[in-house]
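Undergrad: If you want the building blocks of each chain, they are given just below.
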Amino acid sequence: MFRFIARRLLETIPVLLIIVSATFFMIRFVPGGPFTAEKAVTPEILRNLEAHYGLNQPLHHQYFDYLGKLAHGDLGPSFKYPNRTVNEIIADKLPVSLELGLLSLGIALALGLTAGIIASIWKNTWLDYTASSLAMIGICVPTFVLGPLLVLFFAIHLGRFNASGWYDWQDRVLPALTLGCVYAAYIARLTRGGMLEVLNQDYIRTARAKGASELRVIFKHALRGGLLPVVSFLGPAIAGILTGSFVIETIFQIPGLGREFVTSAFNRDYTLVLGTVLLYATLIVTLNLVVDVVQVWLNPKLKFE
Amino acid sequence: MPTVPAIARFLRLGLALLGAALALSGQQILRLGNGTEPQDLDPQAVTGLPEHKILMALFEGLLSTDATGQKLEPGIAESWDISPDGLVYTFHLRKDAQWSDGTPLTSADYIQSYRRMLTPELGAEYAYLIFNFVAGAREYYRGEITDFDQVGFKAPDPHTLQVTLKQPTPFLLSIIASHYAWYAVPVHVISKFGPIDRKNTPWTRPGRLVGNGPFVLKEWLPNQRIEVVRNPRYWDAARVKLDEVHFYATEDIAAEERMFRTGQLDITYELPNSKIDVYRRERPESLQTTPYLGVYFYRCNVTRPPLNDKRIRRALALAVNRDTLVKRVLRGGQSPAYAMSHPDCAGYSAQAQLTEDIAEAKRLLAEAGYPGGKGLPPIELLYNTSENHRAIAETLQAMWRKNLGIDVRLTNQEWKVYLDSQHTMNFQLQRSGWIADYIDPHVFFELWETDNGNNNSGWSNPEYDRLLHEALRTADTAARYAIYQKLDAILIDELPAIPLYYYSKTNAMHPRVKGYLPTPLDGHPYKYISLQD
Numbered sequence: 001m002f003r004f005i006a007r008r009l010l011e012t013i014p015v016l017l018i019i020v021s022a023t024f025f026m027i028r029f030v031p032g033g034p035f036t037a038e039k040a041v042t043p044e045i046l047r048n049l050e051a052h053y054g055l056n057q058p059l060h061h062q063y064f065d066y067l068g069k070l071a072h073g074d075l076g077p078s079f080k081y082p083n084r085t086v087n088e089i090i091a092d093k094l095p096v097s098l099e100l101g102l103l104s105l106g107i108a109l110a111l112g113l114t115a116g117i118i119a120s121i122w123k124n125t126w127l128d129y130t131a132s133s134l135a136m137i138g139i140c141v142p143t144f145v146l147g148p149l150l151v152l153f154f155a156i157h158l159g160r161f162n163a164s165g166w167y168d169w170q171d172r173v174l175p176a177l178t179l180g181c182v183y184a185a186y187i188a189r190l191t192r193g194g195m196l197e198v199l200n201q202d203y204i205r206t207a208r209a210k211g212a213s214e215l216r217v218i219f220k221h222a223l224r225g226g227l228l229p230v231v232s233f234l235g236p237a238i239a240g241i242l243t244g245s246f247v248i249e250t251i252f253q254i255p256g257l258g259r260e261f262v263t264s265a266f267n268r269d270y271t272l273v274l275g276t277v278l279l280y281a282t283l284i285v286t287l288n289l290v291v292d293v294v295q296v297w298l299n300p301k302l303k304f305e
Numbered sequence: 306m307p308t309v310p311a312i313a314r315f316l317r318l319g320l321a322l323l324g325a326a327l328a329l330s331g332q333q334i335l336r337l338g339n340g341t342e343p344q345d346l347d348p349q350a351v352t353g354l355p356e357h358k359i360l361m362a363l364f365e366g367l368l369s370t371d372a373t374g375q376k377l378e379p380g381i382a383e384s385w386d387i388s389p390d391g392l393v394y395t396f397h398l399r400k401d402a403q404w405s406d407g408t409p410l411t412s413a414d415y416i417q418s419y420r421r422m423l424t425p426e427l428g429a430e431y432a433y434l435i436f437n438f439v440a441g442a443r444e445y446y447r448g449e450i451t452d453f454d455q456v457g458f459k460a461p462d463p464h465t466l467q468v469t470l471k472q473p474t475p476f477l478l479s480i481i482a483s484h485y486a487w488y489a490v491p492v493h494v495i496s497k498f499g500p501i502d503r504k505n506t507p508w509t510r511p512g513r514l515v516g517n518g519p520f521v522l523k524e525w526l527p528n529q530r531i532e533v534v535r536n537p538r539y540w541d542a543a544r545v546k547l548d549e550v551h552f553y554a555t556e557d558i559a560a561e562e563r564m565f566r567t568g569q570l571d572i573t574y575e576l577p578n579s580k581i582d583v584y585r586r587e588r589p590e591s592l593q594t595t596p597y598l599g600v601y602f603y604r605c606n607v608t609r610p611p612l613n614d615k616r617i618r619r620a621l622a623l624a625v626n627r628d629t630l631v632k633r634v635l636r637g638g639q640s641p642a643y644a645m646s647h648p649d650c651a652g653y654s655a656q657a658q659l660t661e662d663i664a665e666a667k668r669l670l671a672e673a674g675y676p677g678g679k680g681l682p683p684i685e686l687l688y689n690t691s692e693n694h695r696a697i698a699e700t701l702q703a704m705w706r707k708n709l710g711i712d713v714r715l716t717n718q719e720w721k722v723y724l725d726s727q728h729t730m731n732f733q734l735q736r737s738g739w740i741a742d743y744i745d746p747h748v749f750f751e752l753w754e755t756d757n758g759n760n761n762s763g764w765s766n767p768e769y770d771r772l773l774h775e776a777l778r779t780a781d782t783a784a785r786y787a788i789y790q791k792l793d794a795i796l797i798d799e800l801p802a803i804p805l806y807y808y809s810k811t812n813a814m815h816p817r818v819k820g821y822l823p824t825p826l827d828g829h830p831y832k833y834i835s836l837q838d
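For the protein sequence lines, the chains are A and B, in the order given. Letter by letter, the first sequence follows residues 1 to 305 of the numbering used here. Letter by letter, the second sequence follows residues 306 to 838 of the numbering used here.
Next comes chain B alone, as it looks inside the complex:
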């Protein structure tokens, strides 16, 4: 009869063997929480960060970035040059570049892709990231010209792509390296499954989708997970260490955190606010907090009293203790914002900064005719329904009441109703945010242009608009950043919006993940990531 310890030993041996077998198979599979279910995997039919994270595995741009997301690196283009006037960009594609089905990837693919992107019938949301910059593109998109040869894309030979711009646009390479709007799509594959200029052509299913990135699509279980496996035809395949990446749809962040604790995930998409302190105490090695290139602000409707008075906007902006807000209320690694542009954005930081000054705020309020807040009708603050936004709004409401005697009333609306109020300017003061699409300070200034669809404040300043356009034409970075300093100064003087804090991303990550570094846009090139046992 075997004794109990003998059985236990036998079992333990079995377990050890099983473990060894698993280790031998040595599959490097990274499991990521990826937020909401992606709309689609067609780079020209989607918007949003969850989509971006998956597309980065399946496709690659002409340029790419290093693991920090900041330094430009060659992608499908092995080199590029820019004409002295900054208007013509020439990309030299890799001769061995190919699609994951083995079809060569040539400059003609890019021309066809951009033509598809600019086809009005496709209705691509990000078409403006091309037609705002490329010569003739907006005219083509609007149907004012029908000959695509007149748009600034040329393919002199199969491995050369030439892009001619309307104005120098010095940050174009940054957009190309970080935004999927500039990816090529496999038109030869799309046309097999339907018209190429229709959003609902079903070419992005597993077995159909062909890409040019480090991974190819293996499985897509909607609202569950997407699995991608190593693409042997990727030009830099030797550098790819992961065998597979699994993206889990994790809409509920509390459930996602529980998945992390049971070991179902290596990296979460987010972390609930209530868990941040717990992780700080109990699993500091798994807590990741990184700055995220975006600013949270309260937008003023400058067409309605009393916020049409600059002095009142200033009084509000000066009487907020942002440090308290960030440290006591938010507590997730955010940093206080004293300007509208993000600090250290591609080497640019605003010099003009708001200074908190309650005495000055009181003086301005009195000067505007409301000493001690007396006589000022209540100001309505609109936010979209969410715990976090409410906590921030209540904090500011208390600060303004205490510091200025101003009465602020809080209103919340469901997300799309709130967005509708924003776009129709049906508010007095509205919480809002702006997340960069690409890494350049320009992204924080363009929205305050008079005609920009995202301005929504009614604020307009001809000098501001003029300087903004001048920046687009200024090829020299130092000179361009000098212009941005002026724009920042105008913004914090006139305050179409009151900056409050800069975003951060907080998530949980298992310490065995290596090479997943903090990046400003939260995109992480997968070829630098590995798992260590």
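The shape of chain A in the complex, shown without the other chains:
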């Protein structure tokens, strides 16, 4: 197992290098630059700005320069926010996105697993239909609709929460709920499907025949196999929750990294684009590895190789 993990970790290095290089050159070939503004600066000012950030150097020179600094963990200064470095921005905002992501994930798992298990046990009853319909609605309603609806009801109508911001624990409720609900819906459907498949298997019948209680059958025998589809979904889902929080962060004005990830591209903030892309790429690669490990652990049919 350790050899497996070590090999996979080694494999990530070239993957990340390719991602960084592709991003570096792609963002440079997009028209417009960090200093392209509605009011154009005079040519001499533009020259000085470019010299300040080393943009007057040949592109390959800048590329190796960037890689050199990257090797030392320096992601460079931000173009858009002159007095902040990309390292600072990430250190500042990643925890916010992580907090939002973990809270949402908690909500998604709690709601999704409960609904999915209930639906599978009482399949084709009103309980199942209610849970499945809610899940379908959850999948269909996008966050940018659900978020404002929740704000309208809980913040504006009831006056219980702030409409947006990220100051105290109450400000966490609506965004985490919004993001969590969407993933809860997917998890519910996957859990239901996975459980139904497992519950029809012979070994479950055997367990029942041996007189195991229904609770024991569900939680001890069925759940482990029934959750496999959910686990394979969780890898991309966690990455999606962390990177895809852009919409939520915008609707609720949350100072997270998801917003920087998207707006940096609009701002042509070269270094910030690279820094966030690199970070998210690392996250996704790592999460996929974790999912693979967990899957082997859950599914006796798989082995590390």
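Source of the hints: derived by calculation from the structure; they are not laboratory data. Be a bit skeptical, because a hint or two may be false.
[Said to hold, decoys possible] Example chain B residues on the side facing chain A (calculated, C-beta under 8 Å, incomplete):
(1) Asp345
(2) Ala350
(3) Ala432
(4) Tyr446
(5) Lys721
[Unchecked claim] List time: in silico BS3-like cross-link candidates among lysine-lysine, alpha-carbon distance up to 27 Å:
(6) Lys39/A - Lys471/B
(7) Lys459/B - Lys39/A
(8) Lys123/A - Lys210/A
(9) Lys707/B - Lys679/B
(10) Lys358/B - Lys721/B
(11) Lys615/B - Lys358/B
(12) Lys459/B - Lys400/B
(13) Lys615/B - Lys707/B
(14) Lys400/B - Lys497/B
(15) Lys721/B - Lys707/B
(16) Lys615/B - Lys39/A
(17) Lys301/A - Lys210/A
(18) Lys358/B - Lys546/B
(19) Lys39/A - Lys791/B
(20) Lys497/B - Lys69/A
(21) Lys523/B - Lys376/B
(22) Lys39/A - Lys721/B
(23) Lys210/A - Lys220/A
Quick caveat, the model's predicted, so the values are computed rather than measured. Using N, Cα and C, we set each Cβ at its ideal position, and we do this for glycine too.
Using the hints provided, position chain B relative to the given structure of chain A.
TA: Positioned in the frame of chain A, the structure of chain B alone reads:
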């Protein structure tokens, strides 16, 4: 056993006491929606309105304005005089002027600040607002002279600052009063945190930033809010009524409007178009619509056919119903534009005005060889991706098709791609806008000069350039405005751009805010603002 009404009474009493306690603390805190997160709070490292609004609280210029933003008032300079030839401005600084850390603020601070602004390594975007006007400044910026003493800034004594100009520049005071490019920065503080001529020297953090305005920086939570508190060392501190101002980063205007409704904000930065009618109906007391000193126009690329033909540009300009556009499509208090300069700008209004005349437009089109639009290849109209610009473009597309039989194709591009197309003149017809940096009609004319980096139309007129330079040398306002009348006439005759409407700012403001008056540049001196309960 206490009865239910007794408990309710008790609770109500508690609430009343709590309310009274809050009222007693009597903190006047103004909470503003402020648009995007500011790039920085270094006046020499930023551009943009959100930055401007915060900097106005932390710094003050040599001059300032009254609450209407139009009348010049003393700032750090208590008085000033101008030499008879209009070339030398002498500012007499307040003897008691000081930085918020207690360091005296002297003319030497100004000299050092302007030297920093003009240092090429700093790459200050607004350096041109100094080097376009001050003698020797451009040469210093370009490195042609290295001795800053040769630049037109002198400090004969600690309380006197002398500025020598290249040409009289009659609107200089207006720039100084309304633009942060002319603020002094605390060089003695900046140097503590790194080289003074580097943009990334981190001196603008809370606890470090030192200013000379009515407020000082207390907290900066990036992408959330910036809090400033009253500066007791500000020379006019007695007049400041607010205890604190909180600037909220509100990038999403729909979310901002919801914050206003939950009472998190006193004033919003903007209001979504779809909400304007709702506010008109349901909360007219909170709706604020004010003219904003800017013009929205379609820029023509006069180097490409068919818009290289003046007759076709005129035909397009004459066949637009601007009244319909403003009242039916925009609906946010904008006004139709029949000239390139903004009406009533520092007392100037253009006399030459476009008149909408479809018959004349048809005649011109036929004269150019395309009767009824026949034979004219489709014209491509470029705009940056946005609902509003698309709605305007579609309206004009329909008007031109109906009135002239001209086929216009719409193309949209992402903001920076679109700007790149603009600067490389890779378009036929392009939506554009021009917002004034200072209050003087000159600001609407300078961009159409042949070499101006913002012209981007390929249009050049030697007579226009000559008159524009003559205006800069004309100290007498009436004579100068007479020149601008000629420039306006040239612009609507040749039409390097088709003016469509003048901007407005629409936002929501709680009625308890007093002294926040409409201003042309949307800057509001905070010392005149108060909250009434």
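Undergrad: If a hint holds in the structure, say so; if it doesn't, say that too.
TA: Taking the hints in turn, this is what the structure says about them:
Among the interface hints, the one on Asp345/B holds; its C-beta lies about 5 Å from the nearest C-beta in chain A, closer than the 8 Å criterion. Hint on Ala350/B holds. Least Cβ distance to chain A is approximately 5 Å, under the 8 Å limit. Checking Ala432/B against chain A: minimum C-beta separation of about 6 Å stays under 8 Å; hint holds. Of the supplied interface hints, the one on Tyr446/B holds, with its beta-carbon coming within about 6 Å of a beta-carbon of chain A, less than 8 Å.
A cut of 8 Å between beta carbons decides the hint on Lys721/B: the least distance to chain A is about 3 Å, and the hint holds. Under the criterion of a C-alpha separation no larger than 27 Å, the hint pairing Lys39/A with Lys471/B is consistent with the structure, at around 23 Å. A C-alpha spacing of about 30 Å is found between Lys459/B and Lys39/A, which places the hinted pair above 27 Å, so the restraint is violated. For the proposed pair Lys123/A and Lys210/A, the alpha carbon gap of about 23 Å is at most 27 Å, so the pair holds.
Proposed proximity of Lys707/B and Lys679/B is supported: the alpha carbons are some 13 Å apart, at most 27 Å. Proximity of Lys358/B to Lys721/B is assessed by CA-CA distance (about 24 Å); at most 27 Å being required, the pair is judged to hold. In summary, the hint linking Lys615/B to Lys358/B is not supported, as the alpha carbons are separated by about 41 Å, beyond the 27 Å threshold. Restraint check for Lys459/B and Lys400/B: satisfied, since their Cα atoms lie roughly 18 Å apart, inside the 27 Å limit.
Simply put, Lys615/B and Lys707/B have alpha-carbon atoms about 21 Å apart, close enough for the 27 Å limit, and the pair holds. Proximity of Lys400/B to Lys497/B is assessed by CA-CA distance (about 25 Å); at most 27 Å being required, the pair is judged to hold. Taking the CA atoms of Lys721/B and Lys707/B, the gap is near 32 Å; set against the 27 Å cutoff, the hint is violated. Distance restraint check for Lys615/B and Lys39/A: the Cα-Cα separation of roughly 26 Å lies within the 27 Å cut-off, and the hinted pair is therefore satisfied.
About 24 Å separates the Cα atoms of Lys301/A and Lys210/A, which keeps this hinted pair within 27 Å; it holds. As the CA atoms of Lys358/B and Lys546/B are separated by approximately 17 Å, the hinted pair is consistent with the 27 Å bound. Distance hint between Lys39/A and Lys791/B is fulfilled; the C-alpha atoms sit about 25 Å from each other, no more than 27 Å. About 26 Å separates the Cα atoms of Lys497/B and Lys69/A, which keeps this hinted pair within 27 Å; it holds.
Straight-line distance between C-alpha atoms of Lys523/B and Lys376/B comes to about 30 Å, which puts the hinted pair past the 27 Å bound. For the hint linking Lys39/A to Lys721/B, the alpha-carbon distance of about 12 Å falls within 27 Å, and the restraint holds. Only pairs whose Cα atoms come within 27 Å are accepted, and Lys210/A paired with Lys220/A is accepted, the gap being roughly 14 Å.
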